[in-house]
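Going by UniProt numbering, the sequence shown opens with residue 1, and the numbers climb by one from there.
Derived from the structure by calculation, the hints contain no laboratory data.
Positions of the beta carbon are idealized from the N, C-alpha and C atoms, including for glycine.
Mixed in with the good hints there might be a few duds.
[Said to hold, decoys possible] Think about it this way: if two alpha-carbon atoms lie no more than 25 Å apart in a straight line, the pair counts; the simulated DSS-like pairs of lysine-lysine are:
{"#": "1", "residue 1": "181", "residue 2": "193"}
{"#": "2", "residue 1": "214", "residue 2": "444"}
{"#": "3", "residue 1": "214", "residue 2": "496"}
{"#": "4", "residue 1": "494", "residue 2": "193"}
{"#": "5", "residue 1": "533", "residue 2": "318"}
{"#": "6", "residue 1": "494", "residue 2": "181"}
{"#": "7", "residue 1": "444", "residue 2": "275"}
[To be verified] What follows is a set of in silico ranges between Cβ atoms, one per label pair, in the way DEER data are often shown:
{"#": "8", "residue 1": "174", "residue 2": "307", "range": "35 to 45 Å"}
{"#": "9", "residue 1": "310", "residue 2": "386", "range": "12 to 22 Å"}
{"#": "10", "residue 1": "132", "residue 2": "501", "range": "26 to 36 Å"}
{"#": "11", "residue 1": "391", "residue 2": "500", "range": "18 to 28 Å"}
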Amino acid sequence: MAWRWKLTELTRRMVSGPTEENVNFVHFDNLEDGGKYQGTGEVVCLEELGPQKLNNGGLQPQEGGAAGAGTGAGTSTGAGASAATAPPEGSGEGAVVGEGAGDGDSEPLTRPGEVVAELPKRIINPEVHKPKITAWDAGWNVTTVIQGMFVLSLPYSVVHGGYWSILAIIFVAYVCAYTSKVLVQCLYEENEKGERIRVRDSYVEIAQAVWGEKTGSRIINVAQFIELTMICILYIVVSGNLLVNSFPHWPIPEQGWSIISTAFLVPCAFLRHLKGVSRISFYCTIVHLLINACIIGYCFSRAPQWAWDHVTFYINVKMFPVSLGVIVFSYTSQIFLPSLEGNMENRSNFITMVNWTHITAGIFKSIFAYICFLTWAETTQEVITDNLPNAAFRALVNVLLTAKALLSYPLPYYQAVELIERDFFQGHDLTRFPSCYATDGMLKVWALGVRCLLVVGTLLMAVYIPHFALLMGFIGSFTGTLLSFVCPCWFHMKLKWDQISWKIRIWDCIVIALGTTCGLIGIYYSLEGLIEKFRHDLGYDLND
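Take these sequences, add in the hints, and give me the full structure.
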């Protein structure tokens with residue numbers, strides 16, 4: 001029975017481009033010795049194997065020709081050399097070759113409108129088996145992000161904005177759902193028949209199409225890596241802070257609790273696909289529901305004392321922009337969406353998934369913020385758990401919050417790992433370092449070590465960087481705004497300008513302006529907070 005190997009990231013990054021007639025796809029019957037082409041060289045459409053259609057993503061497309069059935073390793077002979085050409089002379093590694101008279105007699109397998117690339121002399125890794133995720137799996141991942149730790153600060157936003165904060169929670173959900181959808185639209189182009197074809201595979205490739213290969217890659221890669229690692233670090237910081245407040249009489253400092261929390265995160269190094277991450281995100285959602293059931297249950301126990309008349313349309317002009325920033329950044333999931341959509345079994349369900357996750361989040365967040373404010377009115381704290389009166393009950397909720405933070409860690413961690421592997425560990429032919437995967441598709445031992453180092457690195461930064469939460473607010477206000485609001489709409493206008501109406505163009509500009517405003521507000525207040533903290537650390541009188 002023939003072995004069927006999917007192509008690696010090398011070819012997944014090569015996607016459809018200008019259509020050509022009479023071209024072939026090649027299937028590899030066997031792959032031995034780390035990637036030499038050997039075997040019968042049966043010709044089939046790679047569409048059956050799942051990778052993207054090929055195009056010039058570093059390899060040039062080649063027209064016409066038949067790739068016949070035959071055998072051979074070494075230099076190419078016989079018919080069919082046009083679809084999979086031989087390597088340079090003397091390389092000793094053969095391409096798939098055909099048999100016959102050498103005059104192209106073998107029967108071609110052609111598919112109009114397909115594009116095929118000249119294949120490299122070897123494949124870096126066999127494609128690791130990565131099972132596709134369902135729309136539900138994608139939904140759990142998105143829910144983990146947009147129903148994150150920021151939810152606990154939403155009731156405090158009502159203190160400064162009243163009903164305007166409630167409306168903002170719903171409005172921002174709509175805006176973020178929109179930017180999520182237009183970002184994924186930028187992954188696609190229409191062919192001559194009007195069919196949507198996925199021509200890009202990642203956020204970086206969208207940026208490269210707009211800003212150029214080098215500039216786009218550098219800006220988005222750096223912004224993504226900073227955003228993802230800082231999210232990971234924040235979860236460790238939050239875990240340590242919650243546990244030290246839950247058990248104040250235990251002789252363990254906050255840094256010690258952070259180290260203990262990180263010990264539970266080391267198994268994340270073994271994650272190899274989004275299906276596993278999705279299962280963890282599902283349990284994270286369950287914990288989230290338990291937390292909110294505890295808090296809302298307590299609020300309903302005090303329903304007779306609810307302060308209905310304290311909710312107004314009054315806005316605190318100085319503080320409401322800060323609250324709006326918290327609301328905006330509680331919905332930022334765009335950085336994860338190209339990967340999630342690309343791994344879905346049925347990508348046509350993506351828009352439905354985005355709509356329902358954001359509708360659910362908008363309704364739930366607004367109700368949660370409203371009920372909590374009715375319970376504590378103007379005494380509502382920045383983090384709502386600080387309002388819980390019973391120490392034991394508060395400790396229980398904090399432990400659940402710690403579990404939620406730790407279960408939220410794998411998604412940004414996995415995305416950061418994928419980013420590093422794609423840019424640095426695709427094999428010496430493509431990147432500076434060798435592949436992370438053995439020929440059997442398993443992670444190499446040293447690759448696991450690198451992944452563990454990333455976990456340890458996030459711990460060290462969480463422990464040793466002073467005032468990390470404020471620092472993240474400062475940097476995240478820039479990277480979060482760029483990746484979640486400015487870039488999706490800007491790329492949408494640049495790539496789809498001739499296909500969208502003037503109303504959509506205006507709306508894109510409004511979203512860019514809104515995101516930029518929130519980002520500048522976040523930068524200003526985070527910088528102000530950092531200055532105050534460092535002045536205090538240095539012993540300066542803040543009133544000077």
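**Item:** Satisfaction of hint between residue 193 and residue 494, Cα-Cα up to 25 Å
**Value:** Satisfied, since the Cα-Cα distance of roughly 22 Å is no more than 25 Å.
**Asked** Does residue 214 pair with residue 496 here, judged by a C-alpha cut-off of 25 Å?
**Response** Measuring from Cα to Cα gives roughly 22 Å; hence the hint holds.
**Request:** For the range 12 to 22 Å, tell me whether the beta carbons of residue 310 and residue 386 fit it or not.
**Result:** Holds: the Cβ-Cβ distance is about 19 Å, inside 12 to 22 Å.
**Request:** For the pair supplied as a hint, residue 533 and residue 318, confirm whether the alpha-carbon distance does not exceed 25 Å.
**Result:** Roughly 20 Å separates the two Cα atoms, so the pair holds.
**Asked** Taken at face value, is the distance from the CA of residue 181 to the CA of residue 494 at most 25 Å?
**Response** holds, 15 Å
**Asked** Are residue 181 and residue 193 close enough, with their CA atoms no more than 25 Å apart?
**Response** holds, 23 Å
**Request:** Return holds or violated for the Cβ distance of residue 174 and residue 307 against the range 35 to 45 Å.
**Result:** violated, 29 Å
**Request:** Check the following: the C-beta atoms of residue 391 and residue 500 are separated by a distance inside 18 to 28 Å.
**Result:** violated, 55 Å
**Request:** For the range 26 to 36 Å, tell me whether the beta carbons of residue 132 and residue 501 fit it or not.
**Result:** Holds, at about 34 Å.
**Request:** Mind checking the alpha carbons of residue 444 and residue 275 for me, to see if they're no more than 25 Å apart?
**Result:** Answer holds: residue 444 to residue 275 is near 20 Å, not above 25 Å.
**Asked** Keeping to a limit of 25 Å between CA atoms, is the pair of residue 214 and residue 444 held or broken?
**Response** violated, 30 Å
Hint check: violations occur at hints 2, 8, 11; the rest are consistent with the structure.
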